[in-house]
Structures are given as C-alpha cells and as structure tokens.
Amino acid sequence: MQNIHEDSTIVSSDDMLESVVGIDPLNNRLPTEPPLEPYEGMEFASIEETIIYYISCQLKNPGFFYAFQMDTEGRLANCFWVDSRSKMAYKYFGDVVTFDPTYLTNKYKMTFVPFTGVNHHQQSILFGCALLWDETIESFFWLLSTLLEAMSGISPKTIITDQDVAISNAIAKVFPKVNHHYCMWHIEKKVPEYLNRVYHEHGEFKNQFYKCIHQSTIVEEFDSDWEAMIDKYGLQDNQWLNKIFSIREKWIPAYVRHNFCAGMSTTQRSESMNKYFKDFLNSSTSLSQFMTQYEKALDARYNKEREKTFKTRNSKPLLRTLYPMEEETSKIYTRKMFRIFQDELVGSQLFITEKVKFSIEVSTYKVREIYKEKLIYYVNFHVTSKEANCSCHMFEYSESNKKFVDSTYEDMPKVSDVIIALHDPPRIATKGRPRTLRMKSSLEMVRKGSSTCSYHMKKGHTKPKCPNLNQTR
Numbered sequence: 001m002q003n004i005h006e007d008s009t010i011v012s013s014d015d016m017l018e019s020v021v022g023i024d025p026l027n028n029r030l031p032t033e034p035p036l037e038p039y040e041g042m043e044f045a046s047i048e049e050t051i052i053y054y055i056s057c058q059l060k061n062p063g064f065f066y067a068f069q070m071d072t073e074g075r076l077a078n079c080f081w082v083d084s085r086s087k088m089a090y091k092y093f094g095d096v097v098t099f100d101p102t103y104l105t106n107k108y109k110m111t112f113v114p115f116t117g118v119n120h121h122q123q124s125i126l127f128g129c130a131l132l133w134d135e136t137i138e139s140f141f142w143l144l145s146t147l148l149e150a151m152s153g154i155s156p157k158t159i160i161t162d163q164d165v166a167i168s169n170a171i172a173k174v175f176p177k178v179n180h181h182y183c184m185w186h187i188e189k190k191v192p193e194y195l196n197r198v199y200h201e202h203g204e205f206k207n208q209f210y211k212c213i214h215q216s217t218i219v220e221e222f223d224s225d226w227e228a229m230i231d232k233y234g235l236q237d238n239q240w241l242n243k244i245f246s247i248r249e250k251w252i253p254a255y256v257r258h259n260f261c262a263g264m265s266t267t268q269r270s271e272s273m274n275k276y277f278k279d280f281l282n283s284s285t286s287l288s289q290f291m292t293q294y295e296k297a298l299d300a301r302y303n304k305e306r307e308k309t310f311k312t313r314n315s316k317p318l319l320r321t322l323y324p325m326e327e328e329t330s331k332i333y334t335r336k337m338f339r340i341f342q343d344e345l346v347g348s349q350l351f352i353t354e355k356v357k358f359s360i361e362v363s364t365y366k367v368r369e370i371y372k373e374k375l376i377y378y379v380n381f382h383v384t385s386k387e388a389n390c391s392c393h394m395f396e397y398s399e400s401n402k403k404f405v406d407s408t409y410e411d412m413p414k415v416s417d418v419i420i421a422l423h424d425p426p427r428i429a430t431k432g433r434p435r436t437l438r439m440k441s442s443l444e445m446v447r448k449g450s451s452t453c454s455y456h457m458k459k460g461h462t463k464p465k466c467p468n469l470n471q472t473r
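For the sequence shown, the positions run 1 to 473 when full-length UniProt numbering is used.
Check the hints yourself; a few may be wrong.
Unchecked claim - Straight-line alpha carbon distances no greater than 25 Å define the calculated SDA-like cross-link-like pairs of lysine to any residue that follow: (1) K157 x M70; (2) K173 x M70; (3) K308 x T334; (4) K372 x T334; (5) K206 x D162; (6) K177 x F260; (7) K189 x Y233; (8) K243 x I137; (9) K177 x A166; (10) K211 x H186; (11) K91 x G263; (12) K336 x E307; (13) K232 x K173; (14) K211 x K243.
What the hints assert, rightly or not - The calculated label-pair distances, taken between Cβ atoms and stated as ranges, are: (15) Y210 x N242: 14 to 22 Å; (16) I218 x E387: 15 to 23 Å; (17) L322 x E204: 21 to 29 Å.
None of these hints come from the bench; they were simulated from the model. Note that CB positions come from ideal geometry on N, CA and C, so glycine has one too.
Sequences are here, hints too, so could you generate the full structure?
Here it is, written out as structure tokens:
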C-alpha cells in the first residue's frame, strides 16, 4: 500500500482557488500560466499542476467537485471528481448506486472506480469517478466519505458491489443504514467452480439451484427449498455453500426484494460503464489525457440522454390495447418506461385472479399465470390508501408494475390518482375531415384486404373488435 500523508487530502473550495494558485473566485480567472487545459501527452508534474487542472474544470463547470490524497513523497495517490451534471443526476436517481473497481485505467495502473446508477430512460448514468492507488479499506473509506461530502451528505438507499471485504467494511462505516447488496451474478458464476462434481454429475442440479434462488418469493419458501436441495445432493459440508447462505440477506431475491434496487441485482451497469470507457482510454493513457478523454466520454453519454428526452417529449407511442390506463400512462412515462409498462399490461391478459379475502380495509387476491399452476402470488389492496403490494415485491424492488396489476380489479385506483411526473406535448387536431366521418365505398373496402388480429394472429377482424379479447374484459 502507498503511504498516505496524514493531512494530505485536498478538497475543492473557493478558498483553494485563491490560496493555492492565486485565483480570484469572484472574477473566475486563472493566472496566465499554466494554460487552462494541459496539452496532449503532458504529465501532471506537481500537485499544484493537478489542482490547476481541477480548478479549470471548476471554472467551466461551477458545480464541479474534486478531492485527492497525496503520499508521503507528495505524489498523487487517490483522487475523486464529479461534475454538476452528475451531481444533479444523483439528486434524482441516486437512490441506488453500484460500483465495481477495475484495472482498465492508465499507465500508472491505478484502479478506475465509476459510481453508476440508472435514469428514467433505463440508461446507465455516472455519479462521479475515482482513481485509486490500491483497494484497501482505507482507500475505500476515504472514497465513500468523499462521495458523501460531494453529494451534500445525501446517502443512497442501496449500494450494489462485488463480494469484497474491504468494500463491505468501508460501506458499513460510511453508510451504516444503507442496504448493501452483493452482485448476484458474481456469486452464481462460481457455482461450476465450487460445485464441480454435483454440477456435472446431476444434470438437474443447475435448474434446481436456479429455481431455489430466483423463484422463491418469500423467505420461508427459499429456506425450505434450500434445505431440500442441500439434503438431496448431500452438500451439508460444502464450505462455499454454507458461506453464501450465511450472507443470503445481501443477495438472495426473497431477502432483498423489499429494498428498492431500481431493478438491479448485479454490478452489470458498472461493468458496462467500465467497458464504455475502454473505447476512450488505454493502458498508456497519461493522467492528463485520462481526464480529457473522460470529459469526452461523459459528453457522449449525456447526448444520448438528451436524445431520449427529446423523443419522449416530441413523439407519441403506438398503443396496443383499448385500456384507458395505457393511453394515460403513455403521457406520463418516458418512452422506455412506457414500453416496459406496456409489455406488462399486455402480458396481464395471461393472468387470472381470485379474491380470497375481503374486508373494509384490505382485499387479498390470489394471482397466477394461466398455464403455471404452482407459481402463485398474493396481492393485498388497501382500500383507504389505494395502495397495492404483492408477495413478489416487484414494485418495491424496481418500481415496475407486475403484469397482473391492471384494470381488471374492480376496486383498484384509477391511473389519474398517480402523481404525474412528465407530460407529453398537447395533442393538436389536424386539418380536414376526421377519418371516421367519411363513408367508404364497397370498392375501397374490397381493395383493402382482410384484417388480421394482432392478439391471436387470426384474420377477419382487428384486435379492438376481437371477440375473444372482449370476453376477457
């Protein structure tokens, strides 16, 4: 580990602008030398030079925050930075943060740590980045403490990371109340390694292991299925299984689904962000080049977000049903979120419900897919508060409605009760006669050909006039 100087942390502030390099924060001016941006290939030769670069970013972007540590020889050890756009993104979408340290970085072999989340377009977004000299608990403690300071003391609700002791200890110290989840994929991919014999000798083990983890909706069900699986294959003494079972509260869906995770159960978004930056960086990139390329990469991602926002505000999605709920949500959700909701709404036609309990306060429904007898969910609808919760906890986990939550419930709240977060532009009537008022000739109708129903792909009628679909409503 690099020796960090005890009082070596430098954090951005207006005082720093004037005292370190003679910059007047009121006039937002740099001294004539050195230049605002380092020339290509230049190394940061001193801490002062590094500070000047960060301050140049701050002058162009007033919300820019930076902090770094020096070692005992005055060299850069750890650094963190975040611009105003990422800070604003954290304000709206920072409930769930994921990060995965990786060695893609520069010729100094420093660890690149992007803090990643997901926005309302289901795009991966950045909440800040860091370069670390090592991956010790001290470095991660400094990093997470700095993140908390940069975000004005606002803590995420959930953090998803790999199963790492140093990271876990640092999170426990800095964010004692946060829900810390382990990446499910990193754990599951180790099954062939630690369960090699049973994995290859019993072909059905893989499916049983998967079902035990992913199809158990409540804690008691998972515990029972896990015990049955262990007994069936004689795995009572397997140390790895015993270890991952002891930390089940951090990764098993039945245990973590009551926590909001924005639909994430892995560090995949962090890993995809790492891969994204590889297109801009390589192992020979200097620190000054790294920072410049980072800005370009960040600009490219925000351009993609603006494109999605423009599409949402200036286009209308195609509707697939006659449910009023679908039309109204098309005016509320972003295009990506509406597509997800639309698929759920259409899929809800495959679910059947049965009211099993009724009272003035709560109605309970048993819900299952038509062709899946064993997979049963229970939905409680609270009449007074107009809130529904399901045993699958899908809404709490990702804030996406389960397929069966639709208008078939006679006492479900109307969509208009939902708080509207985003509106489409108002519809404008086109000129000319409305298309439905003109009578068509018999010749026109013959030329058009036979219609096809998109619900069950039969000819002779369209989906709105489908007799089978109308019966289910």
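Right, here's what the structure says about each hint:
1. Note on K157 and M70: the hinted pairing is violated, with a Cα-Cα distance of about 31 Å set against a maximum of 25 Å.
2. Taking the CA atoms of K173 and M70, the gap is near 23 Å; set against the 25 Å cutoff, the hint holds.
3. The hinted pair formed by K308 and T334 meets the criterion: a straight-line CA distance of about 8 Å does not exceed 25 Å.
4. For the hint pairing K372 with T334, the CA-to-CA distance comes to about 32 Å; that exceeds 25 Å, so the pair is violated.
5. Distance restraint check for K206 and D162: the Cα-Cα separation of roughly 22 Å lies within the 25 Å cut-off, and the hinted pair is therefore satisfied.
6. With a C-alpha separation of about 14 Å, the suggested pairing of K177 with F260 holds against the 25 Å cut-off.
7. Between K189 and Y233 the alpha-carbon distance is near 19 Å, which keeps this suggested pair within the 25 Å criterion.
8. Between the alpha carbons of K243 and I137 the distance comes to roughly 21 Å, so the proposed pair stays at or under 25 Å and holds.
9. Using a Cα cut-off of 25 Å, the hinted pair K177 and A166 holds, with the two alpha carbons roughly 18 Å apart.
10. In summary, the hint linking K211 to H186 is supported, as the alpha carbons are separated by about 17 Å, within the 25 Å threshold.
11. For a cut-off of 25 Å, the pair hint linking K91 to G263 stands: about 18 Å separates their Cα positions.
12. Between the alpha carbons of K336 and E307 the distance comes to roughly 12 Å, so the proposed pair stays at or under 25 Å and holds.
13. Between K232 and K173 the CA atoms are separated by roughly 40 Å; this puts the pair beyond 25 Å, and the hint is violated.
14. Pair hint K211 plus K243 holds up; C-alpha atoms about 19 Å apart against a cutoff of 25 Å.
15. In this structure the supplied range 14 to 22 Å holds for Y210 paired with N242, their Cβ-Cβ distance being about 19 Å.
16. For the pair I218 and E387, the beta carbons lie near 19 Å from each other, so the given range of 15 to 23 Å is met.
17. Taking 21 to 29 Å as the suggested C-beta distance range, the pair L322 and E204 does not conform, at roughly 44 Å.
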